[in-house]
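Novice: These are the residues of each chain, in order.
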Amino acid sequence: MSEKKREPLLHVSKRASLPWYAVWGIRLAAVALALVLCAIVSILVTGENPLQIFSTIISGAFGTSRKVWMTLQNTAILLCISLAVTPAFRMRFWNVGGEGQALMGCLASAACMILLRGTMPNWLLIACMLLASLLAGGIWGAIPAFFKAKWNTNETLFTLMMNYIATQLVAYFVILWEVPKGAGKIGIINQQTEIGWLPVVGGQKYMLNVIIVSVLVLLMFFYLNYSKHGFEISVVGESERTAHYVGIKVDRVIIRTMILSGAVCGLAGFLLVGGTEHTMTTTIVAGRGFTAVMVSWLAKFNPIWMIVTSMLLVVLERGAGQIATNFGLSSSFADILTGIILFFIIGSEFFIFYKISFHHSDAKEAIARG
Amino acid sequence: MDNFLSFLISLFPRAVMQGTPLLLGSTGETLTEKSGNLNLGIPGIMYVGAISGVIGAFFYEQSAGANMNAFLAIGIPLCCSLLGSFLMGLLYCFLTVTLRANQNVAGLALTTFGVGIGNFFGGSLIKLSGSAVPAIVLSGTSSYFSASIVDSSTGNWFAKLFLTYGFLAYAAVIIALVASYVLGHTRTGLHLRAVGESPTTADAAGISVGRYKYVATCIGSMIAGLGGLYYIMDYTKGIWASDAFGDRGWLAIALVIFTIWRPNVGVGASILFGGLYILHMYIPSGMNLAVKELYKMLPYVVTIIVLIITSMRNKRENQPPQSLGLPYFREER
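Protein chains in written order, with this note's numbering: chain A, 1 to 370; chain B, 1 to 333.
None of these hints come from the bench; they were simulated from the model.
Hints may be right or wrong, so weigh each one.
[Claimed, not checked] Calculated pairs, BS3-like style, for lysine-lysine (alpha carbon to alpha carbon, straight line, at most 25 Å): (1) A:Lys181 <-> B:Lys296; (2) A:Lys150 <-> A:Lys67; (3) B:Lys292 <-> A:Lys181; (4) A:Lys148 <-> B:Lys292; (5) A:Lys150 <-> B:Lys315; (6) A:Lys185 <-> B:Lys292; (7) A:Lys185 <-> B:Lys315.
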């Protein structure tokens with residue numbers, strides 16, 4: 001026994017795939033644990049009991065019909081951007097430029113509303129806005145894709161930088177179009193005439209956005225899972241060499257997918273400016289381009305599950321906002337809670353893909369088995 | 001010519017002060033990326049570094065009152081800041097190295113979390129201090145941090161260009177040079193680069209991949225956190241306001257690319273970036289105000305151009321670490 005070696009206590013190995021209920025069980029457990037920790041943090045900060053805090057979150061997100069619609073509308077926009085970045089992610093193209101691509105969509109929509117008002121009928125203007133937004137987002141997505149395809153330029157860093165260029169472009173046009181001069185902001189565009197505002201459907205201001213994004217979820221689901229393009233994306237994501245081997249033109253797939261990704265981000269911008277905000281600021285996308293990365297990843301790039309994950313993050317954010325107002329805290333409290341929940345979910349993935357075994361018990365078993 | 005010189009003398013010190021947080025942030029991120037971790041949590045970590053220092057300084061100022069001790073006034077915020085950013089780095093490592101989580105997602109979550117922590121505790125402190133303006137003013141502590149060898153109103157151009165900064169600015173340059181030396185000329189640096197380029201090879205050579213990733217990322221986070229501390233204590237003269245730090249964290253990540261992963265290049269490049277960042281303040285008045293916003297784009301445009309050129313030239317020593325962004329699992333090859 002003199003040559004006894006020190007064995008690590010824990011041994012980590014890859015799991016065979018788990019049944020779906022175990023996978024979601026682990027994720028739910030993670031969310032539950034995260035909520036417990038969030039409750040503890042909230043209690044420490046506010047001194048209220050945890051039930052009070054959770055009921056505040058629910059009432060903040062669903063308390064009145066106006067709040068329900070706000071939650072739905074925020075979910076719709078976040079979901080739209082999440083859907084947009086998903087095809088790129090399936091290809092292992094880390095598009096963290098959703099923020100900038102959506103901003104370019106906003107810029108294009110606002111430009112049409114301001115420059116083309118009074119020159120054409122409203123429906124034609126809205127069509128122009130839509131087209132311009134898709135185009136602007138698509139171009140913003142295509143630029144990094146082109147360089148990735150041609151020279152393998154790092155896409156994470158490239159798309160990240162494109163965000164800030166878009167922000168400054170918007171800042172430039174905000175000052176160019178500011179109303180009144182010197183205000184430093186555009187204000188509500190076409191407030192009297194409502195030119196370029198998306199029509200109100202079913203008496204609810206945000207209904208149209210929700211419907212459009214719902215349709216988009218289905219379209220994206222089928223595009224990714226049942227179309228030739230979707231298949232090519234998966235192959236490129238799995239292994240570029242295999243893709244080459246089976247005759248897929250990898251650079252074309254990369255550029256095509258990123259144009260799609262950017263264009264759908266542009267659509268989100270169009271919905272934001274035309275459908276809800278009717279104005280443009282540099283912070284109009286409000287970090288959703290980054291949150292979308294997490295939404296998409298949490299749902300394992302599955303469009304249907306993204307409904308759940310985007311809703312979770314939005315409810316949390318609005319609920320935590322409510323806690324902040326009720327207890328006189330800074331609204332950044334929401335970010336802390338969101339961060340905690342994300343960490344738990346991110347961490348829980350480990351237990352889905354790997355299993356931990358205690359080394360000495362393995363050895364004992366081996367001895368017992370003889 | 002004379003005009004140009006005086007312009008340079010007025011621009012340079014401000015560019016250095018803008019550039020110092022970027023230099024610290026990018027040195028930290030370079031160390032991190034050399035270990036194969038693409039830490040997009042740097043903006044959040046810099047916020048946490050800043051607010052931890054502010055919290056330390058705030059309570060020290062409250063308890064010490066008028067008789068502040070220079071050693072403690074610098075030491076307490078410094079230690080708090082290092083501790084705060086260290087914990088953030090540790091969290092990132094735990095998620096990405098131990099639990100092998102996706103680095104982009106973990107990093108972005110860390111940024112959300114860190115900025116939230118910064119603004120939340122900042123907001124709470126503002127309430128505690130009961131001040132009328134929505135900001136914390138720590139001019140006492142700041143006077144120690146920004147104490148310089150020569151007063152900035154000096155007439156001597158040499159002194160004005162090089163001797164008017166607080167000690168952290170010099171520390172930033174030294175840290176960058178040391179980091180550069182360690183990366184390029186020591187065994188530890190060689191091992192670290194091996195881990196970032198090819199963890200499988202490093203592992204086979206008997207290098208502990210996990211330990212190198214942990215240590216490099218945590219030290220990197222602490223250095224980056226100092227950038228946040230410098231910004232608050234020296235650049236803004238001890239004034240914390242919500243979102244004050246802005247998007248400098250992302251700019252620090254841009255700087256890493258711009259310097260093609262070389263901290264010593266960062267010393268000059270950070271001043272260039274700082275200059276580009278504030279160039280819009282120097283455009284002639286009477287020009288269209290909107291153009292200012294286009295000037296602010298410059299650092300990012302320049303970064304993209306560098307990114308493209310380095311990838312086109314495809315020289316091996318100028319590439320990102322090969323395993324950047326990928327988790328390592330020994331049994332998966």
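Novice: Of the hints given before, which are not true for this structure?
Specialist: 2, 4 and 7
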